[in-house]
Amino acid sequence: MEYDVFKRKTVSMEQLKEYMEFYEQVEEEDYLLCVATQRNLNTGIYSRGVLHPNNENGVLYYQGRVKEYVEEHLALEKKLGYEWNPATPRSQCENKPAKGCGVEGVDSVCASLGPEMTW
Numbered sequence: 015m016e017y018d019v020f021k022r023k024t025v026s027m028e029q030l031k032e033y034m035e036f037y038e039q040v041e042e043e044d045y046l047l048c049v050a051t052q053r054n055l056n057t058g059i060y061s062r063g064v065l066h067p068n069n070e071n072g073v074l075y076y077q078g079r080v081k082e083y084v085e086e087h088l089a090l091e092k093k094l095g096y097e098w099n100p101a102t103p104r105s106q107c108e109n110k111p112a113k114g115c116g117v118e119g120v121d122s123v124c125a126s127l128g129p130e131m132t133w
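Once you know that position 43 of the sequence shown is 57 in my numbering, the rest is easy, because the numbers rise by one and skip nothing.
Treat the hints with care, since some could be wrong.
[Stated by the list, open to error] Pair ranges (Cβ atoms, derived):
no., residue 1, residue 2, range
1, Leu88, Val25, 14 to 24 angstroms
2, Asn56, Glu97, 34 to 44 angstroms
3, Gln29, Arg62, 24 to 34 angstroms
[What the hints assert, rightly or not] No more than 30 angstroms apart at the CA atoms, straight line, and that leaves these computed lysine-lysine pairs for DSS-like:
no., residue 1, residue 2
4, Lys92, Lys81
5, Lys31, Lys21
6, Lys81, Lys93
Everything labelled a hint here was simulated from the structure, so no lab data went into it. Source: prediction; values computed, not measured. The beta-carbon is built from N, C-alpha and C at its ideal position, and this holds for glycine as well.
Using the sequences and the accompanying hints, generate a full structural model.
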């Protein structure tokens, strides 16, 4: 897996290294859990079903938030009258209309978070 990591100017390299080591540990644990779950699904030991409301409330909360954000985004697109994909890199927007391409107003959002968030 490959990914880019960005940090605030105030975060030291030692702090970043500590964070990255923790992130890699969590990533490895998640991978092993997924492999084991898939193995159990394939053998019939583990079955799909409704999430447990007491033991898996973190997953339920996350799924609820994702659903909420997707619904909000759909409502925004309906209001705008066009599909809006904020994940499209600006470099891919050159030959397309500006509408719906890239993150509109991202600079003002970052600026409002303070000088340590400037690019």
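A quick look at each hint next to the structure:
{"no.": "1", "hint": "Leu88 / Val25: 14 to 24 angstroms", "in the structure": "violated, 35 angstroms"}
{"no.": "2", "hint": "Asn56 / Glu97: 34 to 44 angstroms", "in the structure": "holds, 38 angstroms"}
{"no.": "3", "hint": "Gln29 / Arg62: 24 to 34 angstroms", "in the structure": "violated, 40 angstroms"}
{"no.": "4", "hint": "Lys92 / Lys81", "in the structure": "holds, 17 angstroms"}
{"no.": "5", "hint": "Lys31 / Lys21", "in the structure": "holds, 11 angstroms"}
{"no.": "6", "hint": "Lys81 / Lys93", "in the structure": "holds, 18 angstroms"}
Hints 1, 3 from the list above are not met by this structure, while the remaining hints are.
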